Amino acid sequence: MSPSPASKDVLVRIRGLSFNRGRRVIFDKIDLDILRGSVTAIMGPSGTGKTTLLKLIGGQLRPDAGTIEVDGLDVHALSTRELYRLRIRMGMLFQSGALLTDLSVFDNIAYPLREHTRLSASMIRKLVLLKLEAVGLRGVHDMMPAALSGGMARRVAMARAIALDPMMIMYDEPFTGQDPISMGVLVRLIRRLNDAARVSSIVVSHDVAETLSIADRAYVISEGKVVESGTPEQLRNSHSASTRQFIDGLSDGPVAFHYPTQTSLADELLEGRA
Amino acid sequence: MIDWLASLGRVGLTSAARLGRANLLMFAMWGGIPAMLRRPRLLLEQLYSVGVLTILIIAVSGTFVGMVLGLQGYYILSRFGAEATLGVMVAASLVRELGPVVTALLFAGRAGSALAAEIGLMKSTEQLSGLEMMAVNPQHRVLTPRLVAGILSMPLLAAMFSMLGVYGGWFVGVGLLGVDDGTYWVQMQSQIDWHEDIINGVIKSLVFGVVCTWIAIFQGYDCVPTSEGVSRATTRTVVHSSLAVLGLDFVLTALMFN
Amino acid sequence: MSKTTQLEVLVGAFIAAGFVALFFLAMQVSNLGTLNSGDSYQVKARFDNIGGLKVKAPVTLAGVEVGRVLDIYYDAKDFRAVAVLGIYSQYNQIPDDTFAKILTAGLLGEQYVGLDPGGSESMLKEGSEIAVTQSALVLEDVVGQFIYGKAQEGAK
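Residue numbers (my numbering), protein chains in the order written: chain A, 60 to 333; chain B, 893 to 1150; chain C, 80 to 235.
Hint data in this document are derived by calculation from the structure and do not stem from the laboratory.
Please read all numbers here as calculations on a predicted model, not as lab measurements.
Careful, some of the hints might be misleading.
[What the hints assert, rightly or not] Facing chain B, from chain A, some residues (calculated, C-beta under 10 Å): (1) Q119; (2) G125; (3) D166; (4) Y170; (5) L178; (6) A180; (7) A216; (8) A220; (9) M226; (10) D311.
[Unchecked claim] Here are the in silico distance ranges between beta carbons for each label pair: (11) T183/C / V1143/B: 51 to 59 Å; (12) Q964/B / T139/C: 42 to 50 Å; (13) S1123/B / T160/A: 16 to 24 Å; (14) T1145/B / G142/C: 46 to 54 Å.
Cβ coordinates follow ideal geometry from the N, Cα and C atoms, glycine included.
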């Protein structure tokens, strides 16, 4: 599909990845490359396992076949200790934020710092405030996560994800359920963090317009396959039916409006009468 | 018939798989003890929420169970002119059975359900996954301190229950019904054996502590991460813990006092 | 900081209260407190029949507990039961011709050893043996004797 980029530019290299959940095929031998320093969007209809992909990259799930290399390391061949060391260099923003509800905003962001560094308390304080400033929320550092709005919680979680200055950040559906204002804030933040800190970003989303507006490259996944990849421009001009349906938001197409059934509507209605 | 057999087989397989996961989890949690000892504060917080917050219900129930034992025991024993052995009866029933068992049942309802719900919610809000991605082992960090706190709290709570029960029985027997104060205590001391009764009671409550906390943590950790799943986990915690405590109590009693 | 201290104090109080309760159970409820209350010296007493006497049963003198039964065994030489009595050291003024009998507390109560002091000048000490004993009352024997006595009366 796409020309294979030089290996030193590739941060995450996925080859022949297959993953099943029960009898359902989530991924069927997919290949993906995520380039250093870029924002890569992974898009697809709900239920295509985009979150699963992030969990596979983070080593929380094991693939049934295929390999995932992050920064040259095969994630699923690492020992637990090595995997944990790799995860320190990965940031992940969960859909719900996943802030620890029994700690304040400040302590949440300080958590990875206290855990993995031997910095002094005053140094940690400075770093936490800097990270909060970066997401524009220095004012909330003594609040509890429950008191934050959804968008604010996500920005705090972003500050936590960048606390250890990771080489990559994975965003799991960052725009879901956000009002237009906080959506705009999040979009700008993802791009800014990516460029300012020179990290690589993986954005998993089904919000087409927002995601494509910041992505350098995008993949569209549908029914376990990568159906399209390229720059946002290439995707917008794509002729593939499933890509078109997804990008234009058509209700019927390769992904049918009707969930597949065995019987016809007429049969099922008549059956109730018998 | 075939369907029935198939569903029986499925139930068997899922239970076996669940038991296996529970054992793996237990094993993983023990591995977190060294890390926990380096952060005693985590254990402290759990001792508070598992132990301290359970004291009130234990104290109230212990006192009243003792008072009822004093009353009932007095009526029965006085028929045989054996009121003198009231202290023995109250203390023996509390130390051997009621202390460990009722404490464990109350513990499952008060602390166990709270543990399961808390862990289940942490799972459904992705907090456990979040810790994992921050390169922190959630089993060691979140679960181990809770397990240890539960195991440590149970014998202490059971001892408080028994002590207050003995005083509750004393209050009714000696204070209200006129059993001789000295007889109450001396008879008790001569009949209750330090090793056979007290130590065995402590062993029982330790076992119950392990089982109840283990069940609660496993149910929370293994739950389906939805609100329905969490509520099922709390219900299961109470039901499974109660059944396990009552069943194990019989086995332990048979082993100890045969 | 004060929140931390409060937590520590509460947890500390919880643990302390738990151990106080355990200590109470050990010392006040069980026999641990009475078992080790100072030293004791051992005295043997032979009985024809010890009835339901058990190890750890109290040994009393004038109603006061002065010791415990430490051990009971059967002596095959003279076909009698030997009870080893541990008498607390502070009761070292018990004459050596003291009379030991097995009594029952109440109709259904436990059995214990009662001592009736004699008039000897020398006192019981470690290893002495009580010479005069009275066995436990076995209910069947008492009833049997009573019926035999009645039958004798009727025969007259």
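Comparing the hints with the structure gives:
no.	hint	verdict
1	Q119	holds, 6 Å
2	G125	violated, 21 Å
3	D166	violated, 12 Å
4	Y170	holds, 7 Å
5	L178	violated, 16 Å
6	A180	violated, 15 Å
7	A216	holds, 8 Å
8	A220	holds, 9 Å
9	M226	violated, 14 Å
10	D311	violated, 30 Å
11	T183/C / V1143/B: 51 to 59 Å	violated, 36 Å
12	Q964/B / T139/C: 42 to 50 Å	violated, 30 Å
13	S1123/B / T160/A: 16 to 24 Å	holds, 18 Å
14	T1145/B / G142/C: 46 to 54 Å	violated, 36 Å
In terms of the numbered hints stated before, the structure departs from hints 2, 3, 5, 6, 9, 10, 11, 12 and 14, listed from lowest to highest.
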